[in-house]
Amino acid sequence: MTAILKTRGLRREFLTKKPLFGAPTVVRAVDGVDLEIETGETFAIVGESGCGKSTLARLLVRLIDPTEGEVWYDGTDIAHVPAVKMRALRRDLQFVFQDPFSSLNPRMTVGALIEEPLHTHGWVDRSARKARVAELLTRVGLTPAHADRFPHEFSGGQRQRIGIARALATGPKVLIGDEPVSALDVSIQAQVINILEDLKDEFGLTLVIIAHDLAVIRHMADRVAVMYLGEIVEVASCEDLFAKPRHPYTEALLAAIPIASVGARKAETRLSGDLPNPIDPPSGCRFHTRCPYAEASCANERPALTDVGGREVACHRVHEVQLKGLAEDAPARSPAAQARFQMYRAASAEKQKPNP
Amino acid sequence: MNATPPLLSVQDLSIRMGGTKTNLVDGLSFDVGIGETVCIVGESGCGKSLTALALMGLLRTPPLHLNGGTALFDGEDLFRLPETQRRQIRGGRMAMIFQEPMSSLNPALRIGEQIAESVRRHQGASREAARTRALEMLERVRIPAAEKRLDEFPHQLSGGMRQRAMIAMAMANDPSVLIADEPTTALDVTIQAQILDLMRALQSETGAALILITHDLGVVAEMADKVVVMYAGRVVEAGPAASVFHDPQHPYTIGLMSSMPSLGARSEKLVTIPGVVPSPLAMPEGCRFQSRCPFAEPGCAMRPVFTEIAPDHGVACLRAPLEGTLDPGLRETGT
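Heads up: the sequence lines are chains E and F, in that order. Going by the working numbering, the first sequence opens with residue 1, and the numbers climb by one from there. Going by the working numbering, the second sequence opens with residue 1001, and the numbers climb by one from there.
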């Protein structure tokens, strides 16, 4: 397998507003990230708010410039190519935003919105563009007639489909979604997840999904990177990560997920305390202030992300602690209820067949 | 079941927007017992938050108004009480926690003052006594350095700490009913777990009843004694949590549970509920779920009766139990 996107020592700093006296404070939102995203995989980046996952996503397609470090795509360091060249590369690297309400221009029709990137990327033939818009709308489960409407006429789920159609317009190779389904209701979320997965297969996309919802990641991702305060603490295949986490933070995240089955979760491995302020992150291992396994030495040295049996973990005590993953139990249901779920699956597939 | 009357009994609650012909909340009934947790679950627009606001007497009228129903609390119908009495109850014997603590706390008042204000208002406590009570409450919701936090403003607290402060404020007058509207939705998972733990601990300390409004079935499974599933303003299924999760009956409940990505072994494709919730202006006659239901039939144009299908477990679906109405083979072997 080959890496389609690769970062080296990626770092992004933001300055806080300049105070009346003294210098503004530096926030390291992304602090030294090395990642390799492989062609055709679904790669997920997970973490809590303020961990820098959205900043990382934006760096991957250079929606913002890094302070330091490189982002390699197709033999080019896109962090340092001239703007003109970057524009051409954008054809391959597209982005889906979280909030379908604020990411679509309310004054443009859906058709114009989807057509715009085509225009930018040299589709000069107007009728070809229109045909492409119609095709894209159909692909995401809308109809060509929707092209003449405005974003406010659509529901959240439909708007997210429009955002996806727009991102797909130029035929990208990599699609990056920053919390693409987290603003949606559960039933709508499932529809959009299915669309993303279908499109991935159909267009041979590489998907990078930023999310905080571990269930969504469990369903979609092949590999997962866990971020904490600007750093990657663990990278592993999705199966391994959920079954047997190796970083204490991953374990704590898994233990915190509410499971939709009565009595499934026991209160244990609860993290105490809040996420520390990213302006002034803890010394050494950044997780040591909340880590139930931390020793005095964890505060001294920053652990490097190292290869541990086919995955990467940044923890000083990785060989000493035994961590717990999630059991793969299906929710306990009565036999009759199981029959009902089967019937529902069959009936809803049937219902959606003629009129997708 | 126990013979003691419920602490709060809501019957046939309907809420309507002025000038429209559809009830946004339509005939909602449920009981909450002492120390019990009832979860109202549903997606955006199903009327779960309106229900909470109506119970607290905080509906924005106009344009919204009650269109029938009673809420018996301590032998009195909340909806018939004059505003002065409701004000006594609100924040006193009934308190509420909102989703977004930043927008429901007063940004210009110190945390301690906000908590003390409600203590003075409801208990007639002196300034000092109220401040002591505020400190005690902050300690009870396990806010570190509570003494110092007392004099801080909401913006100086993190999201999780703000939600703790909200809970402290709500619990300051020992309410017997606490209504929490999506209290952890705005929080990260690790903080959510802390807040849920805290609410459970406080509940067992004080014996307060909890009405928890959420869209997250995971939170429901963890917290609920009883579950009320709402769709488009109506209860589609309700019952003891164990029964609803073990033996869900309504196609909507089943669809909702199926469309959640599972944390276990990966399934090929998510089952979805096709379509979207109908607009309140174009609500279908009869069952409101019929436009999205894979089992809908002509009879669904009649409003389904809420029927008990197991002890205390009811469902509003013509075709429940599904396996009985659809597959005669299963029915013969099943019962």
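For the record, the hints were derived by calculation from the structure and aren't laboratory data. For each residue, glycine too, the CB sits at the ideal point set by N, CA and C. Hints are supplied without guarantee of correctness; some may be wrong.
[What the hints assert, rightly or not] Short derived list, chain F residues pointing at chain E, Cβ under 7 Å: (1) S1029; (2) G1033; (3) P1248; (4) P1294; (5) P1298; (6) L1322.
Subject >> Numbered hints the structure breaks, given as an ascending list >> reply: 1, 2, 5
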